[in-house]
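> Residue numbers (our numbering), protein chains in the order written: chain A, 1 to 249; chain B, 1001 to 1249.
The set of hints was computed from the structure by calculation and includes no laboratory data.
Yeah, the Cβ is synthetic: ideal placement off N, Cα and C, and Gly gets one too.
Hints may contain errors.
As the list claims (entries may be wrong) - So the derived label-pair ranges between C-beta atoms look like this:
id	chain 1	residue 1	chain 2	residue 2	range
1	B	Arg1236	A	Ala239	28 to 34 angstroms
2	B	Glu1181	A	Glu226	53 to 59 angstroms
3	B	Gly1200	A	Thr134	21 to 27 angstroms
What the hints assert, rightly or not - So these bits of chain A aren't anywhere near chain B, every CB distance computed over 12 angstroms:
id	residue
4	Ser50
5	Ser62
6	Glu64
7	Gly184
8	Gly197
9	Leu201
10	Asp203
11	Glu204
12	Leu207
13	Asp213
14	Glu222
15	Ala227
16	Lys229
17	Leu234
18	His235
Said to hold, decoys possible - Partial list, derived from the structure: chain A residues whose beta carbon lies under 7 angstroms from chain B:
id	residue
19	Leu82
20	Ser92
21	Glu107
22	Ala122
23	Leu130
24	Thr134
25	Ile165
26	Gly170
27	His243
28	Pro245
There are 2 protein chains.
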Amino acid sequence: MFDAVRETEKIITFIRDYYEKNHLKGAVLGISGGKDSGVVAGLMCKALGSENVVGITLPCHSKEADAADAKLVAEKFGFEFLNIDLTDVYDSFKVQVGKLGEFTDEETKNSDINIKPRFRMASVYYMAALLSATRGGTYIVPGTSNACELYVGYFTKGGDSVYDIAPIYGLTVEEVIQVGEVIGVPEKVLYRTPDDGISGLSDEDKLGVRYSDIARVINGEEVGEEAEKKIEELHRKAAHKFHTPVYRK
Amino acid sequence: MFDAVRETEKIITFIRDYYEKNHLKGAVLGISGGKDSGVVAGLMCKALGSENVVGITLPCHSKEADAADAKLVAEKFGFEFLNIDLTDVYDSFKVQVGKLGEFTDEETKNSDINIKPRFRMASVYYMAALLSATRGGTYIVPGTSNACELYVGYFTKGGDSVYDIAPIYGLTVEEVIQVGEVIGVPEKVLYRTPDDGISGLSDEDKLGVRYSDIARVINGEEVGEEAEKKIEELHRKAAHKFHTPVYRK
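Same shape as in the complex, but just chain A:
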């Protein structure tokens, strides 16, 4: 049985211990307006004090509603809130790609979807180094992936997979929500149907499986045969995201 109050305390201690041991100061993270970044931002504030946490919205041809939901999180926990609009950066990149040839939207679809989290990662790390330089002390980047997303490889390698500490790495989606309830993440953010803010589909529609079923598989519980097959197939196909083949003498 998941004890949300106890786990929340343990995560906060885990964060605080790592910061103390390594003489770190602050955290910089992208705030999407979804539950994962909302919960992680809240946990970082509880662990470090909200004065040491900086959240960034990183719109890139995005819906304005996302930024509004992100703002709810910043207001709730009282951390500094910045905006870096990546729309021009993305458009500027697409101009360069256009010089290589004419491509259809279908052909560039996967490329277009995945470059956004990569630009976001680059931007968040840019700000982490800049705040470390201007404010003194080291700012690092917490990741916002949860155990269900990780199990099926639902992340962009080199994008949201790059981080310096992973506070909800071991929690299923349901457990992340329970922790969010304990620390008071705004309901609108916590119960929003998760989507990537890019493709227009919900995460579950895109994956073709339910997060609750992934959680069952992770916990060794029964799920329907079809769901299990699909989940294990996603898990197997994602293996390359975790294990890079390296040549050794």
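Given the structure of chain A, go ahead and fit chain B onto it with the hints provided.
Just chain B now, with coordinates in the frame of chain A:
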């Protein structure tokens, strides 16, 4: 004793086996004009045929000489050679950062240096997905880090540390050069003093240690006390780039 001819064959087999096992088609990589990307590009061509390798120069306020040296590699091995100029993308990003405040060059120095390899990684992965979509078959991204760079953490997390296969991961700088001699990497590229093309300093000056001394430490051989201390300190400080703290229940 390092047998360069034999190791070269073994690396080529390692690459070919991974591609066959995973039904992959091609490779896309950034070509800097330095020895590491030159050697890896050559190895990929030997393993897959040069028709399945695409090299990209990714200038970003860069010296023109780098692109000329990169072209030498492409001509030698006969692979397709593209250019994506990131100067406008970078400038566009800096405009957005400028909206957050006024920062000195000294304050943005670390941020500016490290965002370039991150943008390069994002660009190479963009092209890998685009070529997979337009040409059929899966293109992946080989990494170009060598054992000496890895040992002291001389790479950008989320930049040149993101790749799908690592052909020279286990080779010291001297061994990379020997493999380059076996496959015929152009001398101008192979013996060029390595630098990041960004800071204006050679890698060894920037690190404050010699690659030959790092190789000795890796191989368990004697080096001077001062060099060993410096190298082990760099190694220790780079630990966070390899081990990310994750919370598990």
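> Does each hint hold? Answer for all of them.
Hints versus structure:
no. : hint                                       : in the structure
1   : B:Arg1236 <-> A:Ala239: 28 to 34 angstroms : holds (30 angstroms)
2   : B:Glu1181 <-> A:Glu226: 53 to 59 angstroms : holds (55 angstroms)
3   : B:Gly1200 <-> A:Thr134: 21 to 27 angstroms : holds (23 angstroms)
4   : Ser50                                      : holds (19 angstroms)
5   : Ser62                                      : holds (14 angstroms)
6   : Glu64                                      : holds (17 angstroms)
7   : Gly184                                     : holds (20 angstroms)
8   : Gly197                                     : holds (18 angstroms)
9   : Leu201                                     : holds (18 angstroms)
10  : Asp203                                     : holds (20 angstroms)
11  : Glu204                                     : holds (23 angstroms)
12  : Leu207                                     : holds (18 angstroms)
13  : Asp213                                     : holds (19 angstroms)
14  : Glu222                                     : holds (21 angstroms)
15  : Ala227                                     : holds (23 angstroms)
16  : Lys229                                     : holds (20 angstroms)
17  : Leu234                                     : holds (16 angstroms)
18  : His235                                     : holds (16 angstroms)
19  : Leu82                                      : holds (6 angstroms)
20  : Ser92                                      : holds (4 angstroms)
21  : Glu107                                     : holds (5 angstroms)
22  : Ala122                                     : holds (4 angstroms)
23  : Leu130                                     : holds (5 angstroms)
24  : Thr134                                     : holds (5 angstroms)
25  : Ile165                                     : holds (5 angstroms)
26  : Gly170                                     : holds (4 angstroms)
27  : His243                                     : violated (10 angstroms)
28  : Pro245                                     : holds (5 angstroms)
Hint 27 from the earlier list is the only one contradicted by this structure; the remaining hints agree with it.
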